[in-house]
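Participant: Please build the complete structure, drawing on both the sequences and the hints.
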Amino acid sequence: MKHLRDVAPAPWDAAASLPRGEPGGARVDHLVVLGLVTPGARVLDIGCGDGTLLALLRDRRGVDGRGIELSREGVNACLARGLPVIQGDADTDLENYPDDAFDVVVLSQTIQATRNPRIVLEHLLRIGRQVVISFPNFGHWRVRSELALRGRMPVTALMPEEWYETQNIHYCTIRDFVGLCRTVGARIEKATALDARGRPMRFSMPWWVWNLVGAQGVFLLSLGKDDALGAPTQP
Amino acid sequence: MTMSLDPPTQTRAEAVPTDVPPDVDTKAPNAQGHLAQFGLDEPLAMDAGVALAPFQIAYQTAGTLNADRSNAVLICHALTGDQHFAHTHPVTGKRGWWETLVGPGKPIDTDRYFVVCSNVVGSCMGSTGPASLDPATDRAYGLDFPLVTIRDMVRAQAMLLDRLGIEDLFLCIGGSMGGMQVLQWAALYPERVFAAMPIATGARHSAQNIAFHEVGRQAIMADPAWAEGRYLEAGTRPAKGLGVARMGAHITYLSEPALHRKFGRRFQGGSAPTFSFNADFQIESYLRHQGLSFVERFDANAYLYLTRAMDYFDLAADHGSVLANAFRGTKTRFCVMSFTSDWLFPTADSRAIVHALNAASAAVAFVEVESDKGHDAFLLDEPVMFGAARGFIDAAARARGL
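Chains as they are written, first to last, in the numbering used here: chain U, 1 to 235; chain F, 1001 to 1402.
None of these hints come from the bench; they were simulated from the model.
Some clues are possibly wrong.
Only some residues are given here: those of chain U computed to face chain F with a beta carbon under 7 Å [to be verified]:
1) Pro39
2) Tyr97
3) Pro160
Negatives, chain U to chain F, calculated, CB over 10 Å [stated by the list, open to error]:
4) Ala41
5) Ala101
6) Arg150
7) Trp163
8) Tyr171
9) Cys172
10) Glu189
11) Ala196
12) Pro206
13) Val213
No residue lacks a Cβ here, since even glycine has one placed at the ideal position from N, Cα and C.
Facilitator: Below, the structure is given as structure tokens:
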């Protein structure tokens, strides 16, 4: 069995990398993305909702941002903010983007709702030089205890719907996701876990702890070509 | 009523000096609006290989051009549309066809923007077309008029903007055939289009759409009154053929749910069914009315020419069969819009445009509006379309400093 420490770098102290002096109001997980993006970068936000993150990136970083959003309400909200957002679907629309079209591609809380997460992730890595991806962690202790002790599918803040209503069809744990990164040859440049309130874990902790106490995982990936970090380590 | 078939298209265009200051007031000098006349020294270079000269373009405007000349909006009209987007129609007396979208305080705000709409070349509402007088023969062009393309229409519009002193457009917008012109504008003059809104359109006409157009054309040409296209001299009018063409086309502008909601299987009069071929059903009566009222305002040959222009439109074919090449390097910001019940230009057509724009790394927004009104939804009261248009246009205006 492979150990997480073999395939991923040391946990990323995202709390320390948060942009300083940012006025309040912005979601902390958005600020994590903000901390990653260089000024003027080209960013594609897939599942961009009402465009909050894209607007933040544009206003604070001068980012050339684009978005894909499934809901008409979301698209209209984005249009009103002047954001070029297309009504579309991560499962069907990514194949039309050329390679390396963006500096950063963001997929926030969406991969678990796609039909084919592996193909989606491969497209993200192809389209963007870097990929920021976040997802609810099905390995969180609450999830585990719901299943283990109550024998029920969990309903949490990040997974608020009952199993028969949810759009989420491909749950994974942080550890599972690391496995997928290995499979598709993604280099994990940075990784962190956010707590239930979307705040980065304050302390550097072993991976198995994150997989237990992290409500969501946030990963910065790229297509590992010439590096050691994401390449499979032979035991 | 023959008004739309004869003057003013029969008046020969006179050459006018090009240094005349642009006429941009909003008082219409005649029923068809303003006229821009291009003389023998300013021919329209057409795709058919013909230099059309002289020719004239009829147009209407609303709003005021600002000092920077940076607030111009070009509206491109659809197949049977015209320049009277916000003006009473001289033949039908109806209000402007896009007053839902254009006017003071509307998404295309005439208090902020200078809006221009010109009758496309090849049409019959004042711009030169097959019903105009051919200076070479002193009779109407008829089928001697060169085949018109969407690109020819756009070139003529560009000449009109040159005449008006408008270097670049803040916004180019249109639905259906108008949307084709918007795409052609963005491809042909990318530096002259700041923002583009192609609505309910496609980058090429589908085989099904060509098929419907061919049925319409054959209906016109099968009418003996068409007289091989020489009906103006013969003193006849192919009203039956043109009416049938319109009836068939009108079905394609609607949707089954809209037809069902509006007419269902309801009978027209109390005594129906009459056990005859009278218009028993309300839908029959409605279509006959559509056909009849259309022939009052439209020239049959112009209908042949404009349907042909749409059929020939294939923007990818002009760019090495790769649609993205048409938009390579574009700085224009796009907002593409489709309607769920539009089966003439279905959402897939709009998505093909969006995918090409993505592949060209263009700034593109795309909205599919939920509507059961079919293709014609873009002309109707669709609050979701207005909301999206307002958001896109306002944001573009901010980006342009308007």
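Participant: Now look at each hint and say whether the structure bears it out.
Facilitator: Checked hints:
1. Pro39: 18 Å, violated
2. Tyr97: 5 Å, holds
3. Pro160: Violated - the Cβ of proline 160 (chain U) stays beyond 7 Å from chain F, reaching only about 25 Å at its closest.
4. Ala41: 14 Å, holds
5. Ala101: Contrary to the label, alanine 101 (chain U) does not stay out of reach of chain F, its closest Cβ about 6 Å off (not over 10 Å).
6. Arg150: 40 Å, holds
7. Trp163: 28 Å, holds
8. Tyr171: 29 Å, holds
9. Cys172: 28 Å, holds
10. Glu189: 24 Å, holds
11. Ala196: Holds, since 34 Å exceeds 10 Å.
12. Pro206: 41 Å, holds
13. Val213: 39 Å, holds
In this structure, the earlier hints numbered 1, 3, 5 are contradicted, and the remaining ones agree with it.
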